[in-house]
Amino acid sequence: MSDTSKTVKSDSPEPEKAGTATKLGKTEGVDETQDTVAPADDPTAAPVAVVDPRLLVREEGLKGYLTEFKRKVKGGELGSLPVVVGLIVIWTIFQTQNDRFLSADNLSNISYFMSATGMLAIGLVFVLLLGEIDLSVGSVSGLSSTLFAVFAVNHGVNPWLSLVLAVITGVAIGSLQGWFFAKVGVPAFVVTLAGFLGWNGLMLWLLGDSGTINIPSESGPVHLLGQSSFFMDQAIIGAYLLAGLAVVLSLVGNLNEQRRRKAAGVPFRPTSEILLRVGALALAAFVSAAVLNDAAGVSNALVIFLAALVIVDFVLRRTTYGRQVFAVGGGIEAARRAGINVPMVRISVFAISGGFAAIGGMFFAGQTASATLSAGGGNTLMLAIAAAVIGGTSLFGGRGSVWSALLGMLVIQSIQTGLDLLNMNTSIQYMITGGVLLGAVVIDSVSRKSQKAAGRG
Amino acid sequence: MVHVSATPVLALRGVSKRFGAVQALTDVDLEVHAGEVVALVGDNGAGKSTLVKTIAGVHPIDEGVIEWEGKPVSITKPHDAQGLGVATVYQDLALCDNLDVVGNLYLGRELLHRGVIDEVTMEKNARELLSTLSIRIPSVRIPIASLSGGQRQVVAIARALIGEPKVVILDEPTAALGVEQTAQVLDLVERLRERNLGVILISHNMADVKAVADTVAVLRLGKNNGSFPVKDTSHEEIIAAITGATDNAVTRRAERRTAEAAQ
Numbered sequence: 170m171s172d173t174s175k176t177v178k179s180d181s182p183e184p185e186k187a188g189t190a191t192k193l194g195k196t197e198g199v200d201e202t203q204d205t206v207a208p209a210d211d212p213t214a215a216p217v218a219v220v221d222p223r224l225l226v227r228e229e230g231l232k233g234y235l236t237e238f239k240r241k242v243k244g245g246e247l248g249s250l251p252v253v254v255g256l257i258v259i260w261t262i263f264q265t266q267n268d269r270f271l272s273a274d275n276l277s278n279i280s281y282f283m284s285a286t287g288m289l290a291i292g293l294v295f296v297l298l299l300g301e302i303d304l305s306v307g308s309v310s311g312l313s314s315t316l317f318a319v320f321a322v323n324h325g326v327n328p329w330l331s332l333v334l335a336v337i338t339g340v341a342i343g344s345l346q347g348w349f350f351a352k353v354g355v356p357a358f359v360v361t362l363a364g365f366l367g368w369n370g371l372m373l374w375l376l377g378d379s380g381t382i383n384i385p386s387e388s389g390p391v392h393l394l395g396q397s398s399f400f401m402d403q404a405i406i407g408a409y410l411l412a413g414l415a416v417v418l419s420l421v422g423n424l425n426e427q428r429r430r431k432a433a434g435v436p437f438r439p440t441s442e443i444l445l446r447v448g449a450l451a452l453a454a455f456v457s458a459a460v461l462n463d464a465a466g467v468s469n470a471l472v473i474f475l476a477a478l479v480i481v482d483f484v485l486r487r488t489t490y491g492r493q494v495f496a497v498g499g500g501i502e503a504a505r506r507a508g509i510n511v512p513m514v515r516i517s518v519f520a521i522s523g524g525f526a527a528i529g530g531m532f533f534a535g536q537t538a539s540a541t542l543s544a545g546g547g548n549t550l551m552l553a554i555a556a557a558v559i560g561g562t563s564l565f566g567g568r569g570s571v572w573s574a575l576l577g578m579l580v581i582q583s584i585q586t587g588l589d590l591l592n593m594n595t596s597i598q599y600m601i602t603g604g605v606l607l608g609a610v611v612i613d614s615v616s617r618k619s620q621k622a623a624g625r626g
Numbered sequence: 324m325v326h327v328s329a330t331p332v333l334a335l336r337g338v339s340k341r342f343g344a345v346q347a348l349t350d351v352d353l354e355v356h357a358g359e360v361v362a363l364v365g366d367n368g369a370g371k372s373t374l375v376k377t378i379a380g381v382h383p384i385d386e387g388v389i390e391w392e393g394k395p396v397s398i399t400k401p402h403d404a405q406g407l408g409v410a411t412v413y414q415d416l417a418l419c420d421n422l423d424v425v426g427n428l429y430l431g432r433e434l435l436h437r438g439v440i441d442e443v444t445m446e447k448n449a450r451e452l453l454s455t456l457s458i459r460i461p462s463v464r465i466p467i468a469s470l471s472g473g474q475r476q477v478v479a480i481a482r483a484l485i486g487e488p489k490v491v492i493l494d495e496p497t498a499a500l501g502v503e504q505t506a507q508v509l510d511l512v513e514r515l516r517e518r519n520l521g522v523i524l525i526s527h528n529m530a531d532v533k534a535v536a537d538t539v540a541v542l543r544l545g546k547n548n549g550s551f552p553v554k555d556t557s558h559e560e561i562i563a564a565i566t567g568a569t570d571n572a573v574t575r576r577a578e579r580r581t582a583e584a585a586q
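Those sequence lines, one after another, are chains C and D.
Everything in the first sequence is counted per the numbering used here, starting at 170 for the first residue and increasing by one.
Everything in the second sequence is counted per the numbering used here, starting at 324 for the first residue and increasing by one.
Treat the hints with care, since some could be wrong.
[To be verified] Take a look, some chain D residues computed to stay more than 10 Å from chain C by CB distance:
id : residue
1  : 342
2  : 344
3  : 394
4  : 433
5  : 502
6  : 503
7  : 576
[Claimed, not checked] Covered by chain C, per the in silico footprint, the following chain D stretches (three or more residues, Cβ under 8 Å):
id : stretch
8  : 400–410
9  : 441–453
No lab work stands behind these hints: they were computed from the structure.
Please read these numbers as outputs of a predicted model, since none were measured by experiment.
Just so you know, even glycine gets a beta-carbon here, dropped at the ideal spot from N, CA and C.
Kindly generate the complete structure, drawing on both the sequences and the hints.
Below you can see the structure in the form of structure tokens.
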């Protein structure tokens, strides 16, 4: 699935086909006919103008992609390159250490267990896009699972209603923290650090002496998110249906965009590139589907995680709200002057982060069918932040994509599962995960520096 | 310059603004007609920026009237000014570095197509706008961060035009630019005038003012200190009004004498 990001990312290279350069060049010439030679037979073809050497021109064909790729890497626009390379390295290392690592069962495990922390990472992507941090997501996820258990088990509330209540609580907590940050002006780091402690304390107080509340997992949301719940009850066709859906939607969307761009006379993606992209997506999707089918099927938790990614990606890239989030992350003053309600965006982003943390907490509850003292503790928070950053969302705000939650979680969960397979104990796991997080942040900072150097900071 | 309209599109009558103990503006008048470039000049602290901020709705006025096409209006927040048709390009440009040119041009007023941001139409319009203004940038899809200072300035000005404004306020548009970029921006100001927009140009650079402005309004210590038609006014007269060189013991005595003589 790692290729999805490439096909859906907003900042993917536009196939300018030198159109920009020639069109802009055209406007420059007062006496256009002198320096341009327009092909007479094709009115749509841009005249060959004298092109400013500083303009970005992409040559056609494979060579054009290669030069553009080189230019981007040199300019520090690494995109998902580090994470893909990292994933290959990690998988190679673990596979050589233990040949069960790339087995269908283990890959299925990775896909299931990554969805819980992945949900937290989705919320964090929003916060990171603002250039802020939310340290409370781990505690909020633990509190959410406990609240769910208290409502559903101790008070006998309908499980689905309990789920809704738990998520609403998460949103409310996020809004409260966002309010302190946006309206009172307390640094987000400190507010959420207080939340990290406070909400964890509330969870411990709610759990009281018992320490653990077991949640019946025969039905309801906890069953749905459990490890034994699969898309379309393990039907072989289920996984392929999902893969097919993704491919068809991507193809239709791309062709539709191409048609509209053609009609409007702006640069569009050539059909060959669309086919290449959709082909790559199809390959990744159907291979994943085959592997998961080989194990047990696609877990519902993964399906929900992927659906959340698609929805959030759409919101961030295609709606006014998403644009506002990026704008606030890129320049508060600019956003404010453009009439964007900056405090509202900040509060809502923290509310979204709290909401996703609560949903992630439900996923954790689904994994263990219980609410425990350790829920959301330990390295949950670090892993979620690491996932978002490893996936390519910048800590400095304004740059990133929600697909980084998926890519980052693939890396993180691969490491976790791999170390478990090798029977490494927690101490080693913490050290390695810490190292990976540091590595991701270093890559982020270095690429930012080279972006500055290349005039793209 | 022949004024197209008799009624000024924007007029300030007796505007005052106070920040705590500081009286930033006292009884200031200003008129801008359609198709007119009004240069607003004055020393540092003369109140130029405060004046444009009152027009842009950043600082509501304390006293006085703002008239829009002859009718008094109240401008209390930036949104009011935008709604009337006042577009402001601030000195710091206020562009989002991470968004591309199209995203910045349409920031805060994205075009929607079935509830979804209509990138295609936005890109099309952006290209058309930039080409009618003869603005040259590498691509409308690269982040602002990769543009030069002059390119950012013209993008910021182009952005002001997206909302079809009637009055454009430019706060020191050439302050940080080189020779060629300055000329480009001045060309752009003239194109705004050709589009029949009212332009308020804040500048310290007398050469720029003389080059493009029709009228020079001088502020000194938060008060009007004269408004001159550029054609009939010498460089020195404007400088004198800015620095207050005409306002000293000698001239005050001369004024008293003429007043006494008149009695």
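The hints, checked one at a time:
1. 342: Its Cβ never comes within 10 Å of chain C, the nearest being 19 Å, so this holds.
2. 344: Correct as stated: the minimum Cβ-Cβ distance to chain C is 25 Å, above 10 Å.
3. 394: Residue 394(D) clear of chain C: closest Cβ-Cβ about 23 Å, beyond 10 Å.
4. 433: Incorrect as stated: the minimum Cβ-Cβ distance to chain C is 5 Å, not above 10 Å.
5. 502: holds, 18 Å
6. 503: Label holds. Min Cβ-Cβ 13 Å, cutoff 10 Å.
7. 576: holds, 48 Å
8. 400–410: holds (count 3)
9. 441–453: holds (count 6)
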